[in-house]
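Number of protein chains: 4
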Amino acid sequence: MDIGIIGGSGYTGGELLRLLAQHPEANVAAVTSRRLKGQDVSRTHRHLGKIYDLKFEDLTPQEIAGRTDIVFTAVPHGTAMQVVPGLIDAGVKVIDLSADYRLQTDVFEKTYNLKHTDPRKTVYGIPELHPEVAEQSFIANPGCYPTGASLAAAPLADSGLIDHVVFDSKSGISGAGADPSQVSHYPNMAENIQAYKLTTHRHRAEIVQELSRLDNSLKGISFTPHVIPSVRGILTTAHIFLKEQTGKEEVGRIYNDFYGDKPFIRLTDAVPMLGNVRGSNFCDIGFEVEKDSNRIVVVSAIDNLVKGASGQAIQNMNLMFGLDETTGLWTPGIAP
Amino acid sequence: MDIGIIGGSGYTGGELLRLLAQHPEANVAAVTSRRLKGQDVSRTHRHLGKIYDLKFEDLTPQEIAGRTDIVFTAVPHGTAMQVVPGLIDAGVKVIDLSADYRLQTDVFEKTYNLKHTDPRKTVYGIPELHPEVAEQSFIANPGCYPTGASLAAAPLADSGLIDHVVFDSKSGISGAGADPSQVSHYPNMAENIQAYKLTTHRHRAEIVQELSRLDNSLKGISFTPHVIPSVRGILTTAHIFLKEQTGKEEVGRIYNDFYGDKPFIRLTDAVPMLGNVRGSNFCDIGFEVEKDSNRIVVVSAIDNLVKGASGQAIQNMNLMFGLDETTGLWTPGIAP
Amino acid sequence: MDIGIIGGSGYTGGELLRLLAQHPEANVAAVTSRRLKGQDVSRTHRHLGKIYDLKFEDLTPQEIAGRTDIVFTAVPHGTAMQVVPGLIDAGVKVIDLSADYRLQTDVFEKTYNLKHTDPRKTVYGIPELHPEVAEQSFIANPGCYPTGASLAAAPLADSGLIDHVVFDSKSGISGAGADPSQVSHYPNMAENIQAYKLTTHRHRAEIVQELSRLDNSLKGISFTPHVIPSVRGILTTAHIFLKEQTGKEEVGRIYNDFYGDKPFIRLTDAVPMLGNVRGSNFCDIGFEVEKDSNRIVVVSAIDNLVKGASGQAIQNMNLMFGLDETTGLWTPGIAP
Amino acid sequence: MDIGIIGGSGYTGGELLRLLAQHPEANVAAVTSRRLKGQDVSRTHRHLGKIYDLKFEDLTPQEIAGRTDIVFTAVPHGTAMQVVPGLIDAGVKVIDLSADYRLQTDVFEKTYNLKHTDPRKTVYGIPELHPEVAEQSFIANPGCYPTGASLAAAPLADSGLIDHVVFDSKSGISGAGADPSQVSHYPNMAENIQAYKLTTHRHRAEIVQELSRLDNSLKGISFTPHVIPSVRGILTTAHIFLKEQTGKEEVGRIYNDFYGDKPFIRLTDAVPMLGNVRGSNFCDIGFEVEKDSNRIVVVSAIDNLVKGASGQAIQNMNLMFGLDETTGLWTPGIAP
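Chains as they are written, first to last, in my numbering: chain F, 1 to 336; chain L, 1 to 336; chain H, 1 to 336; chain Z, 1 to 336.
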């Protein structure tokens, strides 16, 4: 497969390159960056030195489509909708890593306060929840928080047992991107933790969409994000209030049945943690049932740049091309 | 005041020494450690070099009481109850930093699975919630998590508005003490976050005690702790479900009325964070009301070793001796 | 004393405020920031909330001099020389925290590639090396790296024993200031260490000036700085090659004689580390003599924002006003 | 190839497993741990969950040799010499990751203060310096510090230009192993840096051996290690004093000639840093020539667990089996 990446200078672009370097069927044919046109990719992504001998290019959708079988768009929301139509019209497969196509158009416009210029039906690319990914030529790749949150609660939502749920998520700061800011300034982030957008983060809309699809009677979905002094990873603590008390064995059976054969889901007796999934496409999930209570605490851990972004995009690509979904992704995390 | 510290080799002992060094009325007369008897205090606490010229001693309660006006017991739970009676009998004022006297005896015995050998009535030393501290000669100093959680939710509990609340707390690893362990091993803790005792942490009993006292109709109190890659601090994210929707102004008024004149409570429009309270006795509190919802997210930030332990103990001491509660504690946090 | 701070929005300004809050003789009368004029100081420095009730002002040198006894200038190099003459002419005492007055004019102009508009003789304010600080009304406060390096090597330089020395210094990232940059971006700094300006850092000129003053036959002074994933602190590893092998006792005697009565120097048998001086004005110094060799490794640890900047400035202020140099500074570091 | 690992519960064992999971010719046939016998390998190394379905075994050298083509010994020094002879006698290839066979017997015994029970000639396995690795059936895998230091200075040593050199090395704390200690305790290591064994670290003997082999007239080799708040990586700052001033171009030519075709050496114009080599087998090297001086500062960056241990071991294995040395190792580092 010849692969194109539009917007290759950021973290998700760099992570696509890192992961594709280990993919036996992938050949990265073009990487674009308007700003860095003509520069070596490995000058921006120095960890890729000697691995790639590529330069950033400035290409139109038609040009990049002409040289590739699939294009990943790793651009800001609002920009993707300007690029994707041209790619699709040129007949290339597309996976969009931005937020532009993840939500129903009306929900998108309200959430992002932005007119959508290319309303279009797609599949939301969490393969564990959307097996129909395999038949698509265009996929909206999910947000990082919604991936961790949806995977944590989906089995119980699907079983119709949830009354309401509070997602308290903790993300590594790489989720905020490669551009320096006050929040990412080391003296501000080290030895700290910052809650933000306590009740208004845009990713909530994706979680609501996915869990409501599984159980449209679900009464409440709350979501509060934090950034922690970690580069990578999202730990989601899902405080789930069930309609009735449910025992540990029953909950375990529900998760096992739901995820039984999914390669990247690791159900665990231990409490999941970022250190076990760093650099990998795994989503570790564990839970504990509160005694004499209808609350269950489910914890999921992912690498925000892999299962939360570029790894999941490659997993989608594999399925779209009829490959095993683990191709090129069956690598362990890096620990310690 | 001549002050004694029983168990001075750990973090709360060291923090008492650090803070008392700046207290105009305090003279540390004795510090005990059976293991380090005869050694310079500043050999264990090297940051105290040249500040103190003290050696660890091994003293009976009677001996230390004979040389001091007040004794802080900074020993493990189960040990304090063996020491405190002797101190009280010897007529010295006592502040116990362990868990032994914080709970009703029956609750303690169930929570800690331990027979209490010295059942005794005390006051739970959060001065903002217990003004009666000032008349006591013996105080049970609260746990770190309960301090942050109780202060975050007390005004709403007191107003009778809370239906149920989920406390999702994030603590610096110094809360686990000075002894190395797998959890505190740098390669395990760095770039990580660990949820633990998802539904069973013992500190929940203290939170329940304090909030139920303010509103005994409160339906549910959940508590899930995490450790984060930070040495100090506890950030508590309180997901509070109210009985009815309540506006931002009304909530603000409730907090202002409740805490108006309390020096160490800083109500803030910004989201509180650990970086602003590190090393200080302040508790920063902020909140956001979710739109079209009865959920409010309240965030509190404290330094677990100061307001969550040794600083609050000194605040209690000040009140017990008729001093202004800020004496020796009116120092800003250290930032960045 | 009424105190003014010109340029109070950065880290050294914030640290002056933090430290002066604990100084019994100090009253901060004015803090300037052109950009933040009219805003609460505690909105920028949130850790100072409730401690100060001050607003940033935009004042001329004459105006601030009219309201104060001493002014600290915490502005970038090149700016100080535009402000200092007016302050001095207005008769106020001045401590300049910039680089403008630390070097001989010709050395400054070559090192900073900048014409000096106010050549003027001053004293270089490391009080342990310059007791004449006490008679001055204008002091050039030293750079952070030169403070750690000069204090580590001064006794041996003074004894005439040094052949050449390599300073390998490791600084916390707060030394780069409060403005975000690629280097201070958390994902770039965490789990990393960056050597920079391997042979060309401007602070070398200050080290050369101070050590050559003690021994003008010194043959070589090399300096290579690094930033490490720490907010505060500078650890200096001084690889000192002596003219001849010198025993441990002799070296110890030299350091003791040189620093014997200096309150902020702590000579230690252990290897100094940042964790013991954080937040304090101490400089910890230790050393080891290499067996069968004329190399000695001396290690010094300071807090770059305290002894390396604002704390030392206050130490200088104390001396200039005839106070004990420890006034308001005799506080232990914060550990852990 | 069927592979055995003796001592698989530590960091180097875990890293061998992580890297071998991506090696197309490798099959891990046996992993031993006396303590964890019978337990799932992925219970200790949770990041390897679903990747390996192996249990720790307790095997004699003969047993493990009977099931494998090559055995890695990842055991403490002193233990390897008890295991290696049996393996070699059983006819299996061996790579020892301990210190036991890295030094001449007399130097080993003096350095480690331990009688060697199996004196035996081997090759020191830095393949870039020892192409004869390819003909061996037993290799002593080098220490982490010596790998970074030797690779930084070898070209200049080989050219006979070095007068003396000071290696100031900064290591991630994973180098201290998986067992918790005071040094690795998060509150002690975070926001800190610790110099240790300022002049007496045992790894110096390996550096001396390797550089003296290239230039036996070399006058002085100093080495001072530090641990920094990073899990992985070693940054070596080599302060090299040449016999005469040598220009940048000439030095560049020497490094290019020496390393020209070595795949894992990346010569760079930028200053190398840990963040670019994390998780990879690369050694990045850069340098700067001091103006008007005979000092050159060379900086090298490696991942201590990969090029400094397990990755280099696999590189040696590849060569011993006639494979391309990059087989299974041609993966980029993980960044950010």
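Among these hints, one or two may not hold up.
[As the list claims (entries may be wrong)] Cross-link-like lysine to any residue pairs, in silico, SDA-like; alpha carbons within 25 Å at most:
#, chain 1, residue 1, chain 2, residue 2
1, L, 262, H, 40
2, F, 243, L, 200
3, F, 248, L, 200
4, F, 291, L, 27
5, F, 197, F, 261
6, Z, 115, Z, 183
7, L, 110, L, 91
8, L, 291, F, 218
9, L, 50, H, 182
10, F, 50, H, 271
11, F, 197, L, 200
12, H, 50, L, 267
13, L, 243, F, 261
14, Z, 50, F, 218
[Unchecked claim] Covered by chain F, per the in silico footprint, the following chain Z stretches (three or more residues, Cβ under 8 Å):
#, stretch
15, 139-149
16, 256-270
[As the list claims (entries may be wrong)] Here are the in silico distance ranges between beta carbons for each label pair:
#, chain 1, residue 1, chain 2, residue 2, range
17, L, 245, H, 25, 24 to 32 Å
18, Z, 24, L, 163, 56 to 64 Å
19, H, 105, F, 179, 39 to 47 Å
20, L, 245, F, 179, 22 to 30 Å
21, Z, 66, F, 244, 36 to 44 Å
22, H, 252, Z, 213, 48 to 56 Å
23, F, 217, L, 261, 42 to 50 Å
24, H, 105, F, 200, 39 to 47 Å
None of these hints come from the bench; they were simulated from the model. Computed from a prediction, not measured in an experiment: that's the story for all the values here. Idealized CB from N, CA, C, for every residue including glycine.
Checked hints:
1. L:262 to H:40: Cα-Cα ~21 Å, so holds.
2. F:243 to L:200: holds (21 Å)
3. F:248 to L:200: Status holds; Cα separation ~15 Å.
4. F:291 to L:27: Status violated; Cα separation ~47 Å.
5. F:197 to F:261: With a Cα-Cα distance of about 36 Å, the restraint between residue 197 of chain F and residue 261 of chain F is violated, given a limit of 25 Å.
6. Z:115 to Z:183: Not satisfied, since the Cα-Cα distance of roughly 29 Å exceeds 25 Å.
7. L:110 to L:91: violated (30 Å)
8. L:291 to F:218: Roughly 18 Å separates the two Cα atoms, so the pair holds.
9. L:50 to H:182: Roughly 39 Å separates the two Cα atoms, so the pair is violated.
10. F:50 to H:271: violated (40 Å)
11. F:197 to L:200: violated (29 Å)
12. H:50 to L:267: Given pair residue 50 of chain H, residue 267 of chain L holds - Cα atoms ~10 Å apart, limit 25 Å.
13. L:243 to F:261: Distance of about 42 Å is beyond 25 Å: violated.
14. Z:50 to F:218: violated (33 Å)
15. 139-149: Since three or more residues must qualify, the claim that chain F covers the stretch 139-149 of chain Z is violated, with 0 doing so at under 8 Å.
16. 256-270: Satisfied; 4 residues make the cut.
17. L:245 to H:25: 24 to 32 Å: violated (53 Å)
18. Z:24 to L:163: 56 to 64 Å: holds (59 Å)
19. H:105 to F:179: 39 to 47 Å: Once the Cβ atoms are compared, 40 Å apart, the range 39 to 47 Å for residue 179 of chain F and residue 105 of chain H holds.
20. L:245 to F:179: 22 to 30 Å: Given range 22 to 30 Å: violated, Cβ gap about 38 Å.
21. Z:66 to F:244: 36 to 44 Å: violated (57 Å)
22. H:252 to Z:213: 48 to 56 Å: At roughly 37 Å between Cβ atoms, residue 213 of chain Z and residue 252 of chain H fall outside 48 to 56 Å, so the hint is violated.
23. F:217 to L:261: 42 to 50 Å: At 47 Å between Cβs, range holds.
24. H:105 to F:200: 39 to 47 Å: violated (56 Å)
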